[in-house]
Amino acid sequence: MGYAFKPMWISLRTLIRTSIAGGKPNTLLYPEEKMELADDFRGELGLVMDRCVGCESCARICPNKCLNMMLDDAGNGIMKWMPALDLAQCMFCGLCVEVCPSTALHMTNNYETATKDRFEKIFLPHEWAIKPEEAPDQRPFPYPELYEINCTGCGACDRACPHDVIDMVSIPGTAKRRPNGTLGPEKKLPMFNYELCVSCALCVDACPFDALDMLPRTTTASDPVVRVEEVTSV
Amino acid sequence: MYSISNTIATAILNALHINYPLLDYLLTWVIASIALLIIIVINVIVLIYVERKELGRFMDRRGPFVVGPAGVFQNFADMFKFLIKEMILPENADGLGFNSTLVIIVASSLLIVAVVPEAPYFFYTNPDLGLLLAFAIFAIEPFAVVIAGWASNNKYSLLGGFRSTAQMMSYEVPLLITVISVALVAGTFNFSSIVTFQEKHVWLVGPLFIGFIVFLIAIVAEIERIPFDTPDAEAELVHGWMTEYAGVKFALFQLTSYVRSFAGAAIMVLLFLGGWEGPFLPAIVWFYIKVYAVFTLFVWVRGSLPRVRIDQVLNIGWRSLLPLALINIVIAALFKMSGVI
Amino acid sequence: MAGIPTIVARREERDYSTLGLSEGRPPEELASAIKNKFQIDVKVKPRRRLDAGKIPREKLLEFCTFLKEELSFEHATCVAGNDLRRSFEVIYHLSSYSNRCMIQFRVELPRDDPSVDSISYLWGGANWHERETYDMYGIIFKNHPKLERVLMPEGTDFFPFRKDFKLLDHWKIDWEYKGKRPPPQPMIGEKPRDANG
Amino acid sequence: MAEMWINMGPQHPFTHGLWTLRVKVDGETIVDAEPIIGYLHRGFEKLCENRTYPQIIPICDRLCYVAAMSWDHVYVSAVENMLDLEVPLRAEYIRVIALEIQRIASHLVWLSSFMTDLGNLTAFLYAMREREMFIDLLQALCGARMTYNYPRIGGLSQDMPRDFPQQCLKILDLFERRLKEYEYLIEESEVFRIRTQGVGYLSPSDAINLGVTGPALRGSGVPVDLRKTDPYSAYPDFDFEVCVEKDCDVYARYRVRINEMYESCKIIRQALKKMPPGPVLGKVPHHYPKGEGYARTEDPRGEAFFYVQGDGTDRPYRVKIRSPIFVTVSAAPKMLKGYKVADVPSIMGSLDMCLGESDR
Chain E
4 MGYAFKPMWI SLRTLIRTSI AGGKPNTLLY PEEKMELADD FRGELGLVMD
54 RCVGCESCAR ICPNKCLNMM LDDAGNGIMK WMPALDLAQC MFCGLCVEVC
104 PSTALHMTNN YETATKDRFE KIFLPHEWAI KPEEAPDQRP FPYPELYEIN
154 CTGCGACDRA CPHDVIDMVS IPGTAKRRPN GTLGPEKKLP MFNYELCVSC
204 ALCVDACPFD ALDMLPRTTT ASDPVVRVEE VTSV
Chain G
5 MYSISNTIAT AILNALHINY PLLDYLLTWV IASIALLIII VINVIVLIYV
55 ERKELGRFMD RRGPFVVGPA GVFQNFADMF KFLIKEMILP ENADGLGFNS
105 TLVIIVASSL LIVAVVPEAP YFFYTNPDLG LLLAFAIFAI EPFAVVIAGW
155 ASNNKYSLLG GFRSTAQMMS YEVPLLITVI SVALVAGTFN FSSIVTFQEK
205 HVWLVGPLFI GFIVFLIAIV AEIERIPFDT PDAEAELVHG WMTEYAGVKF
255 ALFQLTSYVR SFAGAAIMVL LFLGGWEGPF LPAIVWFYIK VYAVFTLFVW
305 VRGSLPRVRI DQVLNIGWRS LLPLALINIV IAALFKMSGV I
Chain W
529 MAGIPTIVAR REERDYSTLG LSEGRPPEEL ASAIKNKFQI DVKVKPRRRL
579 DAGKIPREKL LEFCTFLKEE LSFEHATCVA GNDLRRSFEV IYHLSSYSNR
629 CMIQFRVELP RDDPSVDSIS YLWGGANWHE RETYDMYGII FKNHPKLERV
679 LMPEGTDFFP FRKDFKLLDH WKIDWEYKGK RPPPQPMIGE KPRDANG
Chain S
3 MAEMWINMGP QHPFTHGLWT LRVKVDGETI VDAEPIIGYL HRGFEKLCEN
53 RTYPQIIPIC DRLCYVAAMS WDHVYVSAVE NMLDLEVPLR AEYIRVIALE
103 IQRIASHLVW LSSFMTDLGN LTAFLYAMRE REMFIDLLQA LCGARMTYNY
153 PRIGGLSQDM PRDFPQQCLK ILDLFERRLK EYEYLIEESE VFRIRTQGVG
203 YLSPSDAINL GVTGPALRGS GVPVDLRKTD PYSAYPDFDF EVCVEKDCDV
253 YARYRVRINE MYESCKIIRQ ALKKMPPGPV LGKVPHHYPK GEGYARTEDP
303 RGEAFFYVQG DGTDRPYRVK IRSPIFVTVS AAPKMLKGYK VADVPSIMGS
353 LDMCLGESDR
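Chains as they are written, first to last, in my numbering: chain E, 4 to 237; chain G, 5 to 345; chain W, 529 to 725; chain S, 3 to 362.
Keep in mind that the hints were calculated from the coordinates and are not lab data. Note that CB positions come from ideal geometry on N, CA and C, so glycine has one too. Don't take every hint at face value.
[To be verified] The calculated DSSO-like cross-link candidates involving lysine-lysine, where the alpha carbons are at most 27 Å apart (straight line), are: (1) S:K26 - G:K159; (2) E:K124 - E:K134; (3) S:K339 - S:K26; (4) W:K596 - S:K172; (5) E:K119 - G:K57; (6) S:K26 - W:K596; (7) S:K172 - E:K37; (8) W:K691 - W:K596; (9) G:K159 - S:K336; (10) E:K68 - S:K339; (11) S:K336 - W:K670; (12) S:K172 - S:K248; (13) S:K336 - W:K596; (14) W:K571 - S:K292; (15) W:K571 - W:K587; (16) S:K26 - S:K292; (17) W:K691 - W:K670; (18) E:K27 - G:K89.
[As the list claims (entries may be wrong)] Here are some chain E residues pointing at chain G (derived, C-beta under 8 Å): (19) S14; (20) G49; (21) N79; (22) I81; (23) M82; (24) M217.
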């Protein structure tokens with residue numbers, strides 16, 4: 004039994020450190036003191052209605068199907084498609100925030116989301132809206148970018164695009180001569196009219212050869228909802 | 005305590021103009037018993053609070069701090085919670101055994117405190133053979149526990165009851181031998197006389213240090229605290245023999261375990277640490293300071309050590325403590341024969 | 529107390545303290561050894577991975593015994609079932625500590641007779657994987673020591689991972705009338721276990 | 003006394019999780035044991051068949067909330083193997099750091115639950131206190147405390163914050179001091195030693211044959227650590243030792259885990275020192291081929307294995323998970339037979355049970 008003294012010394016040292024020698028215990032007095040959170044802590048979701056372009060990317064990526072597109076008043080009398088949220092099913096993975104092209108979704112630092120009834124946590128789009136100041140993490144819009152090497156000019160992206168952004172254009176001088184001497188068809192490549200693009204990434208999903216990727220652009224396109232100047236000034 | 009309550013009883017009877025000596029006698033004991041109960045309950049509540057706070061600091065946390073200032077009313081909150089719980093008698097349990105053990109265990113634990121004096125003139129009763137009486141009462145509990153374990157009709161309870169009995173039996177032996185050595189040196193079985201002897205000569209923790217250590221370990225096993233809380237080891241037996249008890253019954257068992265802790269600490273103070281002896285302060289204050297210091301030692305051990313396995317508990321009891329206790333009694337005899345103290 | 533087993537710390541004949549410390553035999557050598565014995569083309573992939581493709585199910589036990597005894601594949605990493613709609617397959621991943629490599633092979637089973645030899649007697653670690661595969665796909669492992677349900681409750685009469693198994697209709701949120709949901713579906717009843725075995 | 007069966011669980015203080023251990027006891031001695039699992043079965047593999055590949059990553063967090071990062075990583079590397087994808091070197095290094103922090107945090111949870119089983123609540127609170135620091139580090143990396151969703155197919159979701167290395171080194175220094183304190187508190191105690199030494203004997207040949215992996219295997223004296231024997235990610239770049247103990251008992255498994263925490267600290271320091279610049283997410287294909295891929299890694303509990311079979315759509319056709327605890331718990335009767343009922347918490351506690359991953 005002689006070796007019980009070292010552990011007793013350790014716990015005695017803790018007692019001295021926490022009560023007598025001026026230290027304080029490790030406990031966080033919860034309702035008064037709060038945990039320090041990182042800036043990108045993933046708490047309750049918030050929607051900036053002004054920025055939402057209704058692209059449905061969030062509803063497509065959500066693993067739990069807790070986002071659903073609905074028509075709602077955006078606060079200024081305009082009805083538009085925006086996601087409704089069932090926070091009771093949300094698992095705070097943050098994938099929707101990551102894919103949102105217009106940074107309309109933001110995870111706030113609020114983690115105290117308990118309610119008595121889980122149905123209180125089903126929100127229509129305007130019910131979970133936050134102000135744009137509360138979501139400062141704006142990043143440049145991603146736009147589809149072409150990897151020419153992979154592209155075969157099949158036009159799948161053109162057919163998938165909901166906003167007529169993509170036009171398939173023939174590239175002069177790319178036609179190959181057939182064995183019988185006639186010229187074949189010229190190679191087609193997609194051209195993007197970024198003015199119309201809402202960054203929904205449907206074309207990227209549609210491309211069978213991985214020739215498209217969403218990459219951030221700051222300069223080429225004017226932003227459909229938020230002007231580029233505002234983005235850079237924030 | 006007897007004289008105070010006697011005064012009160014006489015005053016009440018005088019005020020009512022009643023003059024029956026027997027009534028006076030009975031009323032005195034009733035008042036003294038109620039006073040004892042109040043003292044025990046207050047002590048237990050303070051003990052639980054002290055344990056929670058101290059254990060918290062040993063573990064680098066705060067202990068209770070929400071209910072009342074610094075959490076002093078947490079125990080009352082817990083008690084109310086137990087009070088509003090349903091009292092469950094398990095199906096197929098033996099009702100008589102299940103409930104009667106509660107009475108036996110609570111009453112026997114209160115009785116231990118009743119025979120322990122707290123100051124020269126502040127005691128419930130102080131019989132000449134108080135020491136033996138206290139340990140005789142200590143030994144009642146195992147029987148009740150084994151009945152409780154059997155009556156609950158639960159395998160965990162049954163195992164816990166067996167363990168409790170085995171542990172109590174094996175630690176009674178070194179405990180009693182150590183106690184006998186104290187009585188041998190002091191020449192009496194009366195608690196007050198033992199303390200008076202220590203006032204005259206020396207605190208017995210000095211000459212009988214081995215006995216002190218044996219007594220400390222054995223008393224921790226006897227009151228079933230960590231590291232010797234195998235009968236209600238929550239990791240393997242859910243709550244040992246207390247598994248099936250719920251609500252008020254469970255709360256009473258928990259309080260009883262603290263009553264026994266208090267009694268154990270008090271006996272240790274009386275036998276080895278000079279009782280209520282001490283300078284400047286009144287005797288009763290010294291007594292309580294020492295009792296709480298010993299209790300802090302129990303808490304400290306609980307905060308530092310893991311639980312011992314049941315067969316190892318028995319091994320320690322028979323193989324280490326018993327020889328040490330025998331050595332101790334030889335030392336005591338040598339001291340007595342040589343006439344040093 | 530005669531029935532209580534006593535604990536005897538048996539000394540090991542083999543020294544395991546150097547197992548896995550050396551590279552062992554190269555995977556190409558193992559592949560050619562398999563090829564010589566079973567005429568199976570084994571692809572060698574980067575990071576010491578082998579792929580033996582399909583093994584006929586009659587030869588499985590012989591093949592596995594060869595792997596364990598001759599090529600020292602000590603460890604059964606995984607046994608996975610798979611439903612190919614027309615047939616079933618069982619995918620085996622075995623790994624070798626001493627040669628630091630891993631082999632994958634599969635056995636295809638007809639849908640009307642999904643049974644294959646158990647490898648639990650070779651590798652005790654495959655025991656529960658086979659039980660799970662039986663549990664989820666209904667593939668029978670012959671000579672398995674205890675082929676019972678492991679994850680699903682006893683008495684379940686379906687095999688949930690088969691592709692033709694239909695889930696109950698998952699409740700959906702009625703976004704127009706939020707808060708009103710259909711009541712939860714009843715669970716599948718379980719027979720209570722007997723406490724005394 | 004006649005033999006009787008005791009059902010320990012599913013509601014029992016020693017089952018960290020939801021499972022049952024049925025033990026047949028003769029007095030206090032165990033003569034037979036049978037683990038029963040499945041109470042937490044969520045049909046994970048079937049669930050994956052109805053999710054797209056990126057959607058599976060957050061669900062992998064739910065396999066085991068104590069070591070969520072390593073499950074994310076093993077899934078992601080299985081898909082990367084399927085796609086033959088190169089991961090940027092910086093991403094690999096940060097992954098290694100995150101994995102090792104996760105390993106320490108997981109071992110600390112094990113330590114706390116193990117010591118609670120043995121009846122010492124002090125070590126529980128100390129270990130939880132230190133775990134909090136590592137959870138904070140992981141939160142700084144990825145924004146969540148337990149369910150990280152940090153790795154992506156082909157890299158990571160975001161780079162580490164700028165002050166992360168300083169913060170990390172500070173915490174590691176403090177932690178190594180505290181780890182010494184644990185050794186004083188726990189293993190210098192005679193009571194702990196008699197509870198663990200010579201208990202739960204598992205011979206090396208049995209351990210290998212029964213598929214036991216991880217610290218339990220290394221506690222039986224077999225020096226197999228997939229970070230060394232089958233190197234993945236950036237582990238070949240780092241210098242660390244495989245922790246082995248030869249006693250084959252609970253104490254050996256405890257020592258292996260404590261030593262692994264020291265080794266993890268070493269790896270994190272080296273990775274922070276050698277950290278290369280560059281992006282953390284490369285070009286990722288948006289189309290998944292028809293094919294299969296698998297990966298195995300050294301989870302804090304053992305060998306974690308993910309098999310992914312794709313059929314050319316955006317969802318996997320079949321996902322199979324090999325959870326280390328699923329196999330280890332099947333070897334439990336071998337360790338339990340012949341010991342006392344009071345040894346059950348200490349033996350099963352030394353295996354670091356996690357039911358989320360074994361029931362899936």
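Hints the structure fails to honour:
4, 5, 6, 8, 10, 12, 16, 18, 20, 21, 22, 23 and 24
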